[in-house]
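The chain contents come next:
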Amino acid sequence: MSAGDLANSTSSNRSASSMRWGSAAREFLRTVATVSVTILGLLALTFFIGRLLPLDPVLAILGDDASQEAYDRMVVKLGLDKPLWEQFIAYLWNSLHFDFGMSLTSGKPVTEDILRVFPATLELATVAMILGTGLGIPLGVLAAANRDTWIDQVVRVISLIGYSAPIFWLGLLGLVVFYAGLGWVGAPGRIDIVYQYDLETRTGLYLIDSLLAGRLDIFADVFGRIVLPASILAYGAMAYISRMTRSFMLEQLSQEYIIAAQAKGASRLSVVWGHAFPNIAVQLVTVVALSYAFLLEGAVLTETVFAWPGFGRYLTTALLRADMNAVLGCTLIVGFIFITLNLLSDVFYRVFDPRTR
Amino acid sequence: MTDAPVTQPRESLRAWLRAPTASSPRQARAQAVWRGWQRLIANRAAFAGLIVLVILVTLAAIGPWLTPYSVMGQDLSVRLQPPSAQHLLGTDDLGRDILTRILYGARITLMMAALVAVIAGPIGLAVGATAGYLGGWFDVVAMRLVDVFLSFPSLILALAFVAALGPGIENAVIAISLSAWPPIARLARAEALTVRKSDYIAAARLQGASPMRLILKHVMPICLPSVVVRVTLNMAGIILTAAGLGFLGLGAQPPSPEWGAMLASGRQFMLTSWWLAAAPGAAIMLVSLSFNLLGDGLRDVLDPRND
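Each protein sequence line maps, in turn, to chains R and F.
Each residue of the first sequence is one higher than the last, beginning at 1 in the numbering used here.
Each residue of the second sequence is one higher than the last, beginning at 358 in the numbering used here.
Be a bit skeptical, because a hint or two may be false.
Example chain F residues on the side facing chain R (calculated, C-beta under 7 Å, incomplete) [unchecked claim]:
1) V390
2) V497
3) A499
4) R501
5) S508
6) F509
7) L512
8) A517
9) L597
10) A600
11) L605
12) F626
13) W632
14) G638
Between beta-carbon pairs, the in silico distance windows are [claimed, not checked]:
15) S106/R with L451/F: 27 to 37 Å
16) T34/R with P479/F: 48 to 58 Å
17) G565/F with N146/R: 56 to 66 Å
18) S567/F with F47/R: 32 to 42 Å
19) A399/F with P138/R: 39 to 49 Å
20) D81/R with L563/F: 54 to 64 Å
21) T629/F with G134/R: 32 to 42 Å
22) S441/F with S106/R: 46 to 56 Å
It should be emphasised that the hints constitute simulated quantities derived from the structure, not laboratory data.
Even for Gly, the Cβ is constructed at its ideal location relative to N, Cα and C.
Model the full assembly from the supplied sequences, consistent with the hints where possible.
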């Protein structure tokens, strides 16, 4: 806002509000432009990665014994005879319609495959998110409210280990201790083979499906299997969330309104949760949204350890079989989800935090 | 530190470093480094991280002389032995001493992390400092590019690159570097933005310094401390990504003693022989924990806002 704008906005309330809408619209258009450029860049990047491939995509489909005639036909079918920019335009067009080509391993469209495996990851990540947020925020607040005491140190060590431990190792240790040793949790995998075809899938989220079907035995099986991978995944998220919560909270607790509240005789509990916490709530939503996106990364490794038939395992299987369409489709989907979550938390921030206006 | 004559006793070097006013630029610089060092070792956690890293680098360097076993040599008569006096960390499914392999694996892990830092650090610094100082179209293009790279979690991006380049240590280093430079560039740019309008830059420019010289000699040194901190902190993530690639079978390939690959091959025996998975994972955690501690400490020391 220039000085002229400022003078205008103070001179008349009506022009100020219309200008706020004007600037909001400008802001919106700018965001749309930025996001479009980023998505374009994303597609260019995956297109470029696809061209790096040392494998011949035609031979990958047809096999090494293909006749010259079949080879030439496939080249035309895949559009590889066209100039590079035309191929890129076609790639853009298809990707924006969520057409990532056929998976070489499953023989189905990549999009169909991803839609099939995604609920498993969504369920895992959501349970992890509930655990990670539910533990991470109170821990962070507790650490900030008891700064430099042993509580703070313990929380710091817990979150440092969460940052530093390889998630696949924690998963393996968890299996050794809680499955093989203590027998507290279910085997790897998402559902017992006995129930696999017994459960009518409506949402694709087995915890909800089993409840909808009124099958508590299935629910117990599914819950016993999800609890360990979700906890392992949640640990990393918790480490991040508690660390951010602590630093946001410390910033608030050093403000003057906190001293004022204390001077009025407000209890420690009311100062921390009643006065300071509401002021960091909006910031925390951004943190939670971001860690949700990072759970996708953790899911790749966790799903491998726990034989979880989700997005992450689909991606790694595709990688090991050099199924490039599937790999790049998955990469793009993760990019889209990342951008969308960022955008949503940005919008949320603007709408709910009066300080940004 | 050659200002002090070599023959002078140690006390006077200390006095020289502690002198209330510096009498030469060299002394001032040495004092600044000295004060930073004092603050770093006063931070117990950071100091512990530093010590562990120094020990690890030393062990990695002299590892082969510490152990009587060979890293690849198999001895099926002693396969899957639990930890004992002969094999402190036990043996794996091919009868190889796990401690020996962990020592050799430290070389691979530290080498990969160092290579990524050497590739991604300077690239990020150069792109960020140039974008921040020049502004204009270069800034716009560079930062859009950074945004694109940052719209993936780093492991996913590294996976996609490895898929295209093929598995292996070299390709894993390239892939991780490609996903590690953007946050550094963004940070360096932010630092460069704060100094581009400052008087000393203007003075250097008026003396006829070229943009190239200004960026190299006057902007980059300012960005360097925060880049060093960020690279140190990122080192933990880099090591976890490298180990993750090895674990998934996309980084170092067996029989390489890379820790992630060791974990992956120990996995099938894990339920009966826990030490196969425990040792490599603990090693990965120890290294990444040390880098996290050191990075936190460096941030406190080098960030003047904490004064």
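Per the CB criterion, is V390/F less than 7 Å away from chain R?
-> At about 27 Å, which exceeds the 7 Å cut-off, the nearest Cβ of chain R leaves the hint on V390/F violated.
With a cut-off of 7 Å on the beta carbons, see whether A499/F makes it to chain R.
-> 12 Å, violated
When the nearest CB of chain R is found for L597/F, is that gap smaller than 7 Å?
-> 5 Å, holds
Residue hint A600/F, partner chain R, criterion CB-CB below 7 Å | 5 Å, holds
Let me know if the C-beta of R501/F comes in closer than 7 Å to any C-beta of chain R, holds or violated.
-> R501/F check passes; min Cβ-Cβ to chain R is 6 Å, inside 7 Å.
Verdict for A399/F, P138/R (Cβ pair) under range 39 to 49 Å = 32 Å, violated
Satisfaction of the W632/F interface hint, Cβ to chain R closer than 7 Å | 10 Å, violated
Restraint outcome when A517/F is required to lie within 7 Å of chain R by C-beta distance | A517/F check passes; min Cβ-Cβ to chain R is 4 Å, inside 7 Å.
Report holds or violated for the interface hint on L512/F, using the least CB-CB distance to chain R and a cut-off of 7 Å.
-> Check passed: Cβ of L512/F comes within 5 Å of chain R, closer than 7 Å.
Between T34/R and P479/F, does the C-beta distance stay in 48 to 58 Å?
-> Once the Cβ atoms are compared, 28 Å apart, the range 48 to 58 Å for P479/F and T34/R is violated.
Do the beta carbons of S106/R and L451/F sit within 27 to 37 Å of each other?
-> 35 Å, holds
Grab the minimum C-beta distance from L605/F to chain R and call the hint holds if it beats 7 Å, violated otherwise.
-> Holds. Min distance 6 Å.
The structure fails hints 1, 2, 3, 12, 13, 16 and 19 (numbered hints given earlier, in ascending order).
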